[in-house]
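Participant: Listed here are the chains, written in short residue letters.
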Amino acid sequence: MKTLAFSKRCAKEILRDPINLIFGIGFPLVLLLLLSALQKNIPVSLFEIDTLTPGITVFGLSFITLFSATLVAKDRESAFLQRLYTTPLSGFDFIIGYMLPLLPIAIAQTVICYIVAIPLGLTVSVNIIYAVIGIIPIAVFNISLGLLCGSVLNVKQVGGICGALLTNLSAWLSGVWFDLKLVGGVFEKIANVFPFLHAVEFEKALFCGDFALSKAHILPIIIYSAVITALAVLCFLRQMKKQ
Amino acid sequence: MKAIKAVGLSKRYKDVTAVKDLDLEIEKGELFSLLGVNGAGKTTVIKMLSCLSKPSDGDAFVGDFSITKQSDEAKRIIAVSPQETAVAENLSVKENLELICGIHSFSKAKTEKKIKELSKIFALDEVLKRKAGKLSGGYKRRVSIAMALISEPELLFLDEPTLGLDVIARHELWEVIRTLKGKVTIVLTTHYMEEAKALSDRVGIMKNGVLLAIGTVEELKSKAGADSFENAFVSIVRGGIK
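So the protein sequences, as listed, match chains G and L.
The numbering of the first sequence is my numbering, which starts it at 5 and goes up by one.
The numbering of the second sequence is my numbering, which starts it at -19 and goes up by one.
For the record, the hints were derived by calculation from the structure and aren't laboratory data.
There could be a bad hint or two in this list.
Covered, in the sense of this in silico footprint (three residues per stretch, anywhere, with C-beta under 8 Å from a C-beta of chain G), are these stretches of chain L [stated by the list, open to error]:
1. 29 to 37
2. 40 to 49
3. 63 to 71
4. 140 to 148
Virtual Cβ for every residue (Gly too), placed ideally from N, Cα, C.
Chain L extracted, bound-state conformation (with noise of 0.2 Å):
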């Protein structure tokens, strides 16, 4: 089954195309990259899935449900971390996770189960009395992305997951990434080649709001004829293959 298919989606604001004729489709329990450099319109896709913004044309389902049509229903199955670390500074990590429960009307039973088991999940013990604003930016993504796992999306949307932290904290939050896999759909964008090889199941190439090429590391850099991946993804970039 699908988890997403897109159809002809765009985006355009004013005279600019962020996003054009998109056709996608991913599988259930796929870990897919969208790889691009930035402004390739990356963000405005993950927008667009996420029922955050409203295509311009096209549509796309997510599971059964229609991201233009059937918004409300999509927004249950789903859940995203965004590019920059959405959590309430002030509040503890616990009171952030405690905070998600609360939204999707937990109970204190299913809430107290909930935190415990996302703490072991992203090693946050040490630091659940901790105010979010004050943790490190790894600490801060894993509380990010554990916020959206406690809804238990059939669908996680991570946008530039890694961006801005240091080599020891993208390689502890891609171990991170890894348990998940399978358990959940997930769609990460990323600028970092080694993180869609290392992370991904599929890698979509985007340039300009164009998908350029889609396929596995491998089947990309045969497309291209290339010997590693960063020498497909170059010359993918510059139209060395259609």
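Isolated chain G (complex conformation) (with noise of 0.2 Å):
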């Protein structure tokens, strides 16, 4: 129940900034719509719905980086954490209270873009559900990478690092913009090393219904989503030690 009440103190706090959902929802959906507007006045295939769907989900992710790492940062520099620390919350209690209400966000957020994106043609099918369940472990890593800022990092460096550097690593590594065959070399070779490739080939790969491509891509996924969140739990409960 503490780890409850705790969880949803941050859902409201997250959902109650009106820069949260401008970025968190907005964002992801004037990208989604200016770029499918463009596709439609080019005569190359670049941004169809289809690939340029799964790609945005993904990317609307780095958002939710910034917010978990802005709410941690955010409460690490204020007095409130020092408050909750003298109360029964444990270590544990303080990381999934954190965790817990950015999933539905993370996964209302992917819901949102392929709602929207219907009307503008996308393709219908069950694989959107497939597309839908696969974002979470995606999410659980991005949610993590936020915990992970915000135990290190005050709310200035989170908006640097995490609002500028990651949304821009997570870009143009990833593939969403462009494909990275096109790049090749030494780029490719750097963005097959990060996650984001991976995530969005994921998705995508979900979307179109190849499970045999999707089963390449989450063995990144998933190790970078479970050492990125041990790292998090660790320096999370370093922080609240040093206290």
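Two independent chains are provided; combine them into the complex using the hints.
Facilitator: This is the structure in structure tokens:
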């Protein structure tokens, strides 16, 4: 019950911040609408809605990282966490409390993207459901990355690292906007090391119903999610002890 | 019975000694003030006694529990209202109070009863539905202290409770703190002499991490041979008495 109480508070803090709503829901939708409008006016197939939408849902999760990191960093900077550290809440309660509300927010963000994409010409099939379910391990990675950043960085640094650097990394190295094979070479090799490209390819494969291909990309996502979650837990508990 | 007993409590940060060999006993139900200028070590003492920070040396007992060996048990009987206003800004006052009730696993009925009771004590009825972040400094402090009292602690730590408040808000908060006297042991830190004088049963004066003197306001005046508490404080801090 105590974890749930803290978790409810975190959900309210995130959802009541209009900037979070604008970036979390509004920005991915704007990109979806703009790029599909652009596609209609160019002769080459660059932003086809069936390949664009899964990519946008993954890119949108970088804002979940930002929300998660900002919330934790803000709490650390204010005396609010200090107060809660003197209550019966354990480290486990804090971590679950921060992570739990962000998962449904991430899923809702994905569902909204797919719903908006339907009138834009998205192929409707049962695979959308698989793609929505498939977003969960990617969301866990993004939420944990936020928890990790929020545990070691201050609010200003979170803005720079998660708000600017991470969204750019996620944009350039994920293959959402262009086919990385076209660039090839070292750039493609670097992109393969990070989880962003695998996440986008995993979502695209699920959406197309190509489960064999999706299996090839799930492993790096799971490894990244597990490692980042473990690091986030360690760093959060470390800063908690430091208090 | 002692509410707090500290023996040789010290805190060092690299080369800086924030608190040095603190021996302190506070009676149950007492309102004890730690008075000192900025950097005296008051907040560090509160942080150690409330299990937020581990002592470098020594130990303290909060009720029957050692803060170094039984911090989980100690945490069950204490509550802290930190120096900065520690409220969830995007939550209403009622939601802030509900949050702490939830963290302490209160039933719905107990939560409602507690909120009603604290709203009355702290005159929060008017602002229950308002976002905590939009409240005035005085109201935020009230909410902060009300949140600390939800768990019905035996010991309440108030770190600079009236810092930054205007004179009216400060006096209003003093009234609230006075209503708590005797019901719960209170340790407050302040650098306002009139606050320590107005509220405390006893006052401890700190400087550079050392507890220089301890006693009632009258005892401290007498020890320092001063005609006012302010002069006594200045004399003690400047090394006028041992």
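Participant: Are the hints correct? Go through all of them and say.
Facilitator: Going down the list of hints, with the structure as the test:
no. : hint       : verdict
1   : 29 to 37   : holds (count 4)
2   : 40 to 49   : violated (count 0)
3   : 63 to 71   : holds (count 9)
4   : 140 to 148 : violated (count 0)
Against the hints set out earlier in the document, violations occur for numbers 2 and 4.
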